[in-house]
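K.L.:
I would like the entire structure built from these sequences, with the hints used as guidance.
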Amino acid sequence: MLEVKGVSRYFGGLVALEDVFLEVREGEIVGLMGPNGAGKTTLFNVITNLIPPSKGEVYFKGEKITGLAPHEVTRKGVVRTFQNVRVFEHLTVLENVEVAVPENNRTGFLQVMFPFFKLNSLNGFIEEKAYTYLKIVGLAHLARKNSSSLTFGQQRLLGIARALACEPEFLLFDEPSAGLNRQEISELLKVIENIHQRGTTIFIIEHNIGMLMSLAQRIIVLDRGKKILEGTPERIREEKKILDIYFGRREKCSV
Amino acid sequence: MRRDLKKGVIFALIVVTAPFIFRYVIFYPLEPLLRAGFFVMLAVSLSLVVGLAGQISLGHGAFFGIGAYTAGIMATKLNLPFFLTIPIGTLSGIIAGFLIGYPVLKLKSYYLALATLIIGIATYEFFKAADSLTGGEMGLYNLPNIQIGKIEFYSPFSHYFIVWSFALLTVFFCDFFSTSPVGKRLKALHSDEEAAECVGIDVFGLKLKVFVFASAIAAFAGTLFAHCSYGTIYPGEFDVGLSIKIITMVVLGGMYSVYGAAMGAVIVSLVPEVIRRIGDFFYMDLTQVTHINDIIFGIILILFMIFSPEGILAKKEEKSA
Amino acid sequence: MVLDILIHGLEWASIYATIAIGFSLIFSASRIINLAQGEFVMLGGLIGFSLYSTHLPLFLIPFLSAAIVASVGIVLERVAISPAKRASPTSLIIITIALSVILRSTAALVWGPHTFRIPSFFAHLPAGTQILFFDLDYILIVGSCFVSIIILGLFLKKTRLGRALRACSMDPTGARIVGISPEKMRMLSFSISAGLGGMVGVLIAPVFYANSDLGLNLGIKGFCAAVLGGMGNIPGAIVGGFIIGISEAMGASFASSYKDIIAPVLMLFVLYLKPRGILGGRS
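Protein chains in written order, with the numbering used here: chain H, 1 to 255; chain V, 1 to 321; chain U, 1 to 283.
Be careful, since some hints might not be right.
[As the list claims (entries may be wrong)] Below are the SDA-like pairs computed for lysine to any residue, each with C-alpha atoms no more than 20 angstroms apart in a straight line:
1) V:106 with U:274
2) V:106 with H:68
3) U:184 with U:207
These aren't lab readings, by the way, just hints derived from the structure by calculation. Just so we're clear, the structure is a prediction, and the values are computed from it rather than from any experiment.
P.N.:
Okay, here's the thing in structure tokens:
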């Protein structure tokens with residue numbers, strides 16, 4: 001469903017991504033892991049086109065999405081969440097989700113001006129839709145609250161509800177468990193599994209290896225911008241290389 | 001919704017009774033009230049750009065001038081009637097808004113502020129420089145009054161009610177707009193542009209649309225202004241000071257609140273009048289009083305920026321959201 | 001003809017360049033765009049006029065005016081900029097705009113709406129005295145700007161204080177760590193910029209004029225020059241000043257009524273094509 005073909009990304013002299021080829025098939029949950037600075041978030045940024053790749057292309061359902069504006073990528077069905085959530089502080093919890101609902105996007109300037117009276121029912125429809133997404137993540141009771149007053153864990157869930165509201169076929173999670181306590185993580189797991197069961201393909205960056213192992217069907221490992229491993233969780237677990245990467249290389253030092 | 005309706009009705013009542021009180025009870029000319037009407041339209045339209053979308057535009061007065069001059073030129077050079085000068089003038093604002101907005105809105109925060117400031121200055125200089133078209137420093141004169149069919153409206157009262165009808169419409173509509181789905185998307189992009197982009201919001205397109213929309217309103221106000229100005233308009237009325245006044249109104253009234261901006265407009269228009277009267281009482285020269293006015297507003301603006309950059313009514317609005 | 005334009009343009013170029021340096025200096029030290037810079041020029045001219053009326057020795061007047069305006073700059077920084085710690089860059093811009101309005105109106109109140117002229121500083125010499133075919137006033141203006149720029153450059157490069165200022169402009173946090181106070185540097189930059197502005201104001205008063213509206217016009221041009229060369233980039237400010245000065249001189253000979261629009265238009269071009277300015281300022 002999603003194909004990354006030969007993507008490289010350079011920042012001046014810094015190599016963030018080098019010649020990355022990978023594929024995520026429809027209906028899978030694929031994990032992405034690697035030490036800090038490996039380029040995982042950069043890869044997500046390139047896939048959604050927040051940053052253009054220096055080389056290479058990304059295809060979704062056979063169609064090239066590299067070069068599209070980020071909001072167009074989202075409308076094609078490829079949606080991401082952020083590591084630091086980034087809720088819309090000026091909006092309430094419910095409104096945060098509302099603006100992501102496609103019907104909201106289709107209500108532009110002209111619709112506000114002319115079908116003046118249809119607007120009420122349209123508003124109600126959008127609100128209801130947004131409510132259902134809040135219910136999925138369990139935040140419905142906080143709907144009218146200002147989004148900045150939520151705890152970090154709740155904001156995380158709000159970010160997921162918002163992403164769901166975009167009606168994604170392909171969801172990119174960027175370290176969803178970061179900053180959450182154990183209870184919140186198990187809730188998160190349930191939510192993600194729920195989403196997967198409804199048919200959404202999931203690509204997830206995680207540092208929480210236990211969580212990744214139990215969720216993902218396949219794991220891709222990045223290091224220093226390159227893809228170095230790919231396989232089932234069991235295979236990855238056995239690879240010695242992982243220890244090397246995460247706990248430091250043993251390099252010959254000439255003293 | 002109901003609370004807003006009450007606010008709106010009270011506001012409307014005040015607007016309707018004010019001129020009568022001014023004329024027949026305090027015996028005060030209607031000009032300041034008329035000017036306040038224009039400022040309300042300007043401040044409210046700017047509040048959409050600055051408050052809702054968070055784009056700082058320091059050159060909003062330019063569109064007012066563009067609308068006024070276009071209408072004025074259409075009326076004097078081409079002798080077009082009122083019902084044509086208005087739409088053409090508004091259209092010029094739309095076109096200008098698009099041409100200016102497209103490159104400018106790509107700039108980030110304070111480059112945007114600077115660019116819009118300079119646009120304001122450049123249009124003012126243009127009005128002064130293009131003698132043959134705009135009458136240069138002297139401006140345009142012999143501008144006709146508002147004329148609908150055979151009826152010519154020349155009394156201050158008629159001007160007042162015409163302008164304020166539109167002002168009220170603008171206020172109600174923009175307030176409605178700010179709680180609509182588009183308004184929410186604007187607030188979203190105000191909060192976080194990248195995140196908004198990633199939930200499917202066309203950030204640049206939306207910024208441009210609201211900018212053009214606001215410019216259109218400003219230009220429309222300008223076209224009315226051209227016909228209500230006792231027949232003349234001159235560049236000095238559309239200088240940087242105007243744009244600064246408008247942003248002051250928005251800041252004072254609460255950057256996030258349409259009604260607040262309207263309040264801000266009324267305050268900034270009328271308070272100088274009050275001060276002027278006090279100045280008269282002490283036999284001070286008119287220009288001196290104007291300067292004292294400017295100083296006072298400058299100080300108020302600075303204090304606002306230091307202590308509460310969000311404006312007076314913002315706190316109330318946040319809680320009701 | 002072309003030489004005439006260049007010579008005339010040079011006079012304005014040095015004026016705009018000095019004002020532009022005022023903008024860039026403050027910006028480089030504190031990331032603040034001080035839109036009241038032009039008013040320092042205005043104050044210089046008006047204060048110069050008042051000092052002239054007190055019959056002080058002529059050669060003292062420019063120094064004293066510059067010093068007084070520099071103090072005003074410090075006062076403004078302490079009173080209006082320093083307290084606004086949490087303000088966003090845009091709020092600071094609005095603050096400096098408000099400051100310029102206050103300065104202008106106060107000046108209009110104190111000195112009235114009249115335009116003042118003071119005689120040339122060389123009035124006691126025979127009229128028409130020239131050095132190398134240039135008017136003495138012209139030499140004074142261009143020369144003083146030139147000399148001030150050189151002194152400023154030396155100050156920034158050779159003195160400890162100057163280097164502290166440059167360090168602060170490159171990395172305020174790093175500077176703080178080594179004991180440089182960005183707040184003090186900001187105050188210093190305000191006083192220098194104000195002093196420079198004041199100097200320009202008093203020097204052009206004999207050739208031009210002095211009134212309370214002067215600041216707006218020159219401030220805008222100087223601002224455009226600073227942005228043109230790269231806000232925060234002092235050599236850039238000089239380049240920008242020259243471009244605008246010469247362009248205006250050329251424009252004046254072709255289409256004089258459009259002269260004043262050249263500077264804003266040039267600045268807009270730069271903002272669209274290369275927002276960081278020709279020589280690349282700081283962000």
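K.L.:
Does each hint fit the structure? Answer for all of them.
P.N.:
Now the hints, each set against the structure:
Pair hint residue 106 (chain V) plus residue 274 (chain U) holds up; C-alpha atoms about 12 angstroms apart against a cutoff of 20 angstroms. Taking the CA atoms of residue 106 (chain V) and residue 68 (chain H), the gap is near 17 angstroms; set against the 20 angstroms cutoff, the hint holds. About 36 angstroms separates the Cα atoms of residue 184 (chain U) and residue 207 (chain U), which puts this hinted pair outside 20 angstroms; it is violated.
Violated hint for the displayed structure: number 3, the only one.
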